[in-house]
Amino acid sequence: MTTATATKTWKRQDFASDQDVRWCPGCGDYVVLSAVHRTLAAIGRGPHENVFISGIGCSSRFPYYLGTYGFHSVHGRAPAIASGVKVCRPDLSVWIVTGDGDGLSIGANHLLHVLRRNIDVNVLLFNNRIYGLTKGQYSPASEQGKVTKTSPMGSIEQPINPLSFAIASQATFVARTYDADPKHVAAILQRAAQHKGVSFVEIYQNCKIFNDGTFNAVTNRDVRSDRIVFLEHGKPLTFGALGNKGITLNGVDPVVVEFEPGNPPADLLVHDETASVGLSFLLTRLAHPDFPEAMGVFRAVEKPVYEDELHAQIAKARENSKDTSLHALLRRGAETWTIKPPAAEGEAVRGEVESLGDALEEVGPEKDSYIADLDEDEGVPEGVARVLGTELSELTSDSDTVRVSADTPIGQVLEEMRAGDALATVLVCAEDDKIVGIVTERDLLHRIPDGVDLKTAPITIVMTPNPETLEPSDTVAHALNFAGARGYRRVLVVSEEGVTVLTVGDLLDFIRTSAP
Amino acid sequence: MATTATKPIEDIERVVIRFAGDSGDGMQLTGSQLTATSALMGNDIATFPDYPSEIRAPAGTLPGVSGFQVHIGRSDIRTPGDRPDVLVAMNPAALKVSLPDMEKGTTIIVNTDEFTAQKLKRAKWSSNPLEDDSLNKFRLVKVGLTSLTVGALDELEDLNKAGKERCRNFFALGMIYYLFDRPLEPTVKWLESKFKKKPLLAEANKKVLKAGYFYADTVELFTHVLRIPPATHMEPGEYRQISGNQALAFGLVAASMKAGVPLFYGSYPITPASDILHALANLKEYGVMTFQAEDEIAGSGAALGATYAGCIGVTGTSGPGICLKSEMMGLAVMTELPLIVINVQRGGPSTGLPTKTEQADLLQAMFSRNGESPLIVLAASTPTDCFDMAYEAVRLATKFMTPVVLLSDGYIANGAAPWRIPDESELAPIEIHHRTDEDGFEPYARDEHLARPWVQPGTPGLQHRVGGLEKAELTGDVNMQPENHELMVELRAKKVAGVAEDIPELDVLGDEEGELLVLGWGSTCGSIEMAVGQWNAGNDRKVSAAHLRYLNPFPKNLTDVMSRFKKVLVPELNMGQLALLIRGKFGTDVVELHKVQGRPFTIAELTDAFRANLEGGAS
Ligand SMILES: Cc1ncc(C[n+]2csc(CCOP(=O)(O)OP(=O)(O)O)c2C)c(N)n1
Ligand code: SF4
Ligand SMILES: [Mg+2]
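Chains as they are written, first to last, in numbering that gives the first Met the number 0: chain H, 0 to 515; chain F, 0 to 618.
Misleading hints may appear alongside valid ones.
[To be verified] Just a few of them, taken from the derived set where beta-carbon distance is under 10 Å, the chain H residues facing chain F:
id: 1; residue: G45
id: 2; residue: T237
id: 3; residue: I313
[Claimed, not checked] Restricting the straight-line Cα-Cα distance to at most 27 Å, the calculated cross-link-like pairs of lysine-lysine (DSSO-like) are:
id: 4; chain 1: F; residue 1: K594; chain 2: H; residue 2: K315
id: 5; chain 1: F; residue 1: K95; chain 2: F; residue 2: K594
id: 6; chain 1: F; residue 1: K584; chain 2: F; residue 2: K398
id: 7; chain 1: F; residue 1: K195; chain 2: H; residue 2: K321
[What the hints assert, rightly or not] Listed next, the stretches of chain H that the computed footprint assigns to chain F, with coverage defined by at least 3 CB atoms under 8 Å from CB atoms of chain F:
id: 8; segment: 74-81
id: 9; segment: 105-119
id: 10; segment: 195-207
Derived by calculation from the structure, the hints in this document are not laboratory data.
What you are looking at is a predicted structure, and each value in this text was computed from that prediction instead of being measured.
Ideal placement from N, C-alpha and C gives every residue a C-beta, glycine not left out.
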């Protein structure tokens with residue numbers, strides 16, 4: 000995004016819009032607007048790379064007067080919307096414009112969270128200590144005793160100090176400027192824009208109509224030098240028209256000291272933008288008339304930035320993940336199973352049948368009719384149908400069986416198998432000799448529960464009860480299918496003479512020896 | 000010595016099993032395991048987790064009872080079942096709470112160890128029901144689950160007694176596995192992976208599971224082993240089990256992948272919607288950005304910001320959170336941005352019934368904003384439909400550049416069902432076009448669907464301003480002229496109405512015309528369709544059903560469908576909100592059927608209403 004514009008230089012006019020500015024004449028917002036135009040041009044990113052997001056209030060009309068992208072949202076919510084924009088587009092320069100009502104009353108919660116998350120946006124809070132747009136009600140920043148339309152006898156509320164709030168919310172960049180000094184505004188905005196992480200700037204802004212002169216006692220040209228202390232990183236806090244005043248600490252309390260010009264005491268407080276939160280906080284509490292009020296950058300520290308961390312986690316998750324296909328997504332966190340299409344009743348499954356293998360694959364259960372049809376199909380090797388259609392009664396079994404009664408202990412069965420064929424199939428019989436269960440070597444390996452006494456535990460606890468059986472008239476194809484579908488390695492063929500166990504191996508042997 | 004051999008296997012069509020115990024008894028987990036195992040065996044399933052809103056209500060008390068009901072079968076299972084065939088009651092309170100749902104002849108397995116005088120009293124039993132005749136009409140299976148569990152773990156010296164006792168739910172599960180011929184392997188495997196870092200617990204639970212299984216076998220508790228053959232009606236394909244919330248999360252991510260546009264989910268935790276946030280937070284490798292906001296306002300605000308930035312911005316919550324999101328929904332209507340708002344409804348008003356289901360936020364979705372602010376309203380009908388409708392929400396929002404509300408509810412959000420995993424090729428295309436062309440660009444010019452262009456900030460030359468103030472057509476400048484406002488109100492309404500051309504018509508289940516149409520929406524789908532199926536199987540006077548998944552706009556043919564029936568019955572888990580909409584919009588009169596008990600309709604409640612509404616009373 001930045002490459003296209005890196006070479007281009009931008010002028011102030013590139014950041015203006017075609018809309019008529021509608022603030023009252025003399026409103027402090029004009030000063031800030033022109034400072035913003037100037038700052039954006041100085042920063043050098045194109046109008047399209049800046050997004051201004053505001054809430055509601057006089058100040059929040061700001062985006063309309065900029066040639067950037069802009070979102071004039073709803074009252075107090077700009078920080079929330081800006082968070083979404085910045086997380087999705089970390090490459091853009093995102094600004095929040097809010098007022099003392101918008102940001103500290105209805106939207107204070109969002110402001111707190113955008114600050115503590117350290118999302119790399121620039122917050123400009125226009126503090127006129129009044130609700131301007133709604134025509135003059137007291138705001139959370141109005142001083143106690145303030146008479147407004149809603150406080151005819153004076154406000155009884157304690158005001159909030161925006162910078163104390165910002166520091167307490169762990170903002171990583173906190174500054175203050177005032178509309179009576181456009182150069183200072185521009186300088187501070189530029190610092191804010193350069194800061195990586197959230198930047199919070201309080202702007203003392205005069206509301207000409209509903210709170211005219213609210214900051215005059217501090218910012219008026221003739222008193223300014225005695226009532227403002229300009230913060231400079233690494234320099235002692237001094238002020239006064241004669242440069243003869245400074246601030247020291249008495250314990251944890253600030254005190255104003257006077258000295259001979261040019262001869263400051265050694266213990267003046269030296270400003271450090273990276274000092275402990277306590278010291279930054281203390282500076283926000285300096286207030287007229289007991290103290291000069293501080294202007295400049297109170298705090299600027301580096302901390303991990305929310306959206307960087309979020310995208311780093313995404314990158315890490317991607318790195319650690321083997322498969323990020325949709326296919327893998329939909330199978331996440333669960334096992335799957337497959338339901339095969341049923342072959343329609345009496346309908347042969349006709350694919351390209353060119354070999355016995357194909358035929359075996361395609362034959363479904365109960366598909367004797369299919370087998371019969373095979374001989375008539377072209378291209379099917381002769382005899383396939385004959386082999387597959389052979390009745391099980393014609394096959395010979397190659398495996399041993401062991402018959403035991405239902406109460407035989409497992410241990411005894413194991414003995415018998417060890418003595419005879421270890422792969423023998425165990426048929427568990429009831430008193431009438433009827434088969435009630437079957438046990439294979441697999442069952443003996445896997446099914447014996449932990450802690451069972453082999454001497455007493457009956458074989459029934461590991462058997463597969465009531466095994467499904469086949470009839471001598473069933474076909475080879477059917478038996479293969481039956482075993483395959485159920486995952487059996489052997490099938491029981493029950494005839495009047497007794498039980499024969501056919502393993503899959505037996506079936507395949509038969510096919511191999513009789514294959515066409 | 001008893002053997003299984005003497006126990007014949009009986010094939011059954013379906014069974015409803017309920018586990019009930021303290022909320023600390025692990026009933027949800029036990030139920031989920033039975034569900035997962037049954038799903039893997041190819042059965043059809045539907046589940047209903049019913050848990051108290053306090054995570055740990057006092058042990059042994061009636062409000063503390065946590066239940067999990069699962070309906071397993073081989074044929075179309077669409078609901079968790081009206082009444083359990085088998086109840087596992089872990090304590091006297093669980094028995095007390097579930098007893099009214101049990102019919103004569105059903106099976107109740109009780110943990111006798113818990114029926115002490117003190118615990119009976121805590122559950123408000125005046126006498127011990129196991130000792131009088133009061134349970135004679137049931138097949139009562141008395142098992143000392145706790146003592147047998149501890150006994151089975153005798154050798155595990157490293158686990159203390161309390162730890163051993165805590166495994167008792169797996170003893171009960173083992174018994175159920177035996178009774179219904181389920182394999183132990185899936186649960187054993189699950190335990191091994193779940194407790195990979197705590198092998199002692201894996202070991203203990205496995206032992207207890209097996210002990211329960213063999214105990215049921217050896218002690219001849221049951222005369223039959225029951226087997227539910229695999230489902231036969233299911234479409235061929237690869238299946239998995241999925242809950243509504245999970246499906247919803249997957250639907251959003253699938254849409255994002257299909258569209259090639261990243262997904263941003265801004266949300267504030269709330270029951271029963273939090274699982275969507277949990278699920279999406281775990282899908283970072285799909286590029287999903289999740290943002291746990293400070294409240295629902297910020298959740299929706301951040302999602303709207305994401306949408307403005309060109310991403311798929313989604314916010315999810317439950318009713319109380321929607322109250323807070325109204326503001327952003329209105330702003331999304333005004334700025335014509337495709338914000339997607341999910342409401343997993345729960346019982347209301349206010350904090351209401353956090354863990355119970357209800358469909359009473361339909362009118363809120365339709366109207367809870369100031370001004371004329373129409374948006375698309377969709378409702379998922381089943382757990383698996385949550386996938387389709389989430390996907391559809393993204394498709395429609397981005398195509399029409401309008402916010403969409405997607406309604407789900409606690410019942411389908413937590414309920415699970417087998418899901419045929421769709422192939423990528425089955426998903427509708429989602430074509431998102433971010434405008435980059437400067438030529439003739441106007442922020443509020445419209446395409447053939449009346450959608451305005453979607454421009455990502457950062458695009459050179461297309462800078463413009465959006466906001467909550469009324470816009471001038473085409474330029475998007477602030478404009479309060481009377482004619483312009485009326486034009487814009489109409490355009491926004493027309494755009495949403497036009498969505499009807501892009502959505503499927505309403506299908507009728509059963510005869511296309513007749514005496515009675517049952518018209519439902521959202522999560523009542525399973526109950527209604529199952530009830531209609533059962534009714535029609537046993538009655539000559541047939542009933543048809545139609546189910547709405549699109550509530551604003553309605554499918555084009557809705558009035559036509561309704562006009563073909565003498566009567567339209569509208570069952571809703573609210574006091575008649577769809578009915579009110581239909582009357583208001585079409586003047587069609589409908590018969591209302593309400594239920595607001597925090598629970599879904601039973602089949603019997605519905606069929607009773609069919610009977611009452613067929614003139615002359617069919618049998
Ligand atoms: C939800 C909501 N509540 C109230 C209002 C009315 N309102 C608009 S701006 C405002 C106060 C603005 O004060 P501030 O943020 O200090 O901005 P200023 O106009 O002073 O720049 C109020 C109460 C609104 N627009 N929306
Ligand atoms: S009311 Fe006050 S803040 Fe608002 S535009 Fe006028 S002077 Fe500026
Ligand atoms: Mg103000």
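Structure-based check of all given hints:
Interface restraint check for G45 of chain H: the shortest CB-CB distance to chain F comes to about 7 Å, inside 10 Å, so the restraint holds. Because the beta carbon of T237 of chain H sits about 41 Å from the nearest beta carbon in chain F, more than 10 Å, this interface hint is broken. Hint status for I313 of chain H: holds, given a least beta-carbon distance of 5 Å to chain F, under 10 Å. Taking the CA atoms of K594 of chain F and K315 of chain H, the gap is near 48 Å; set against the 27 Å cutoff, the hint is violated.
Pair hint K95 of chain F plus K594 of chain F holds up; C-alpha atoms about 23 Å apart against a cutoff of 27 Å. Using a Cα cut-off of 27 Å, the hinted pair K584 of chain F and K398 of chain F holds, with the two alpha carbons roughly 25 Å apart. Our distance criterion of 27 Å between C-alpha atoms is met by K195 of chain F and K321 of chain H, whose separation comes to about 21 Å. Evaluation of the coverage hint for the segment 74-81 of chain H: fulfilled, as 5 residues show C-beta separations to chain F shorter than 8 Å, against a requirement of three.
Restraint check on the segment 105-119 of chain H versus chain F: 4 residues with Cβ-Cβ distances below 8 Å, three needed, restraint holds. For the segment 195-207 of chain H, the proposed coverage by chain F is not satisfied: 0 residues have a C-beta within less than 8 Å of a C-beta in that chain, short of the threshold of three.
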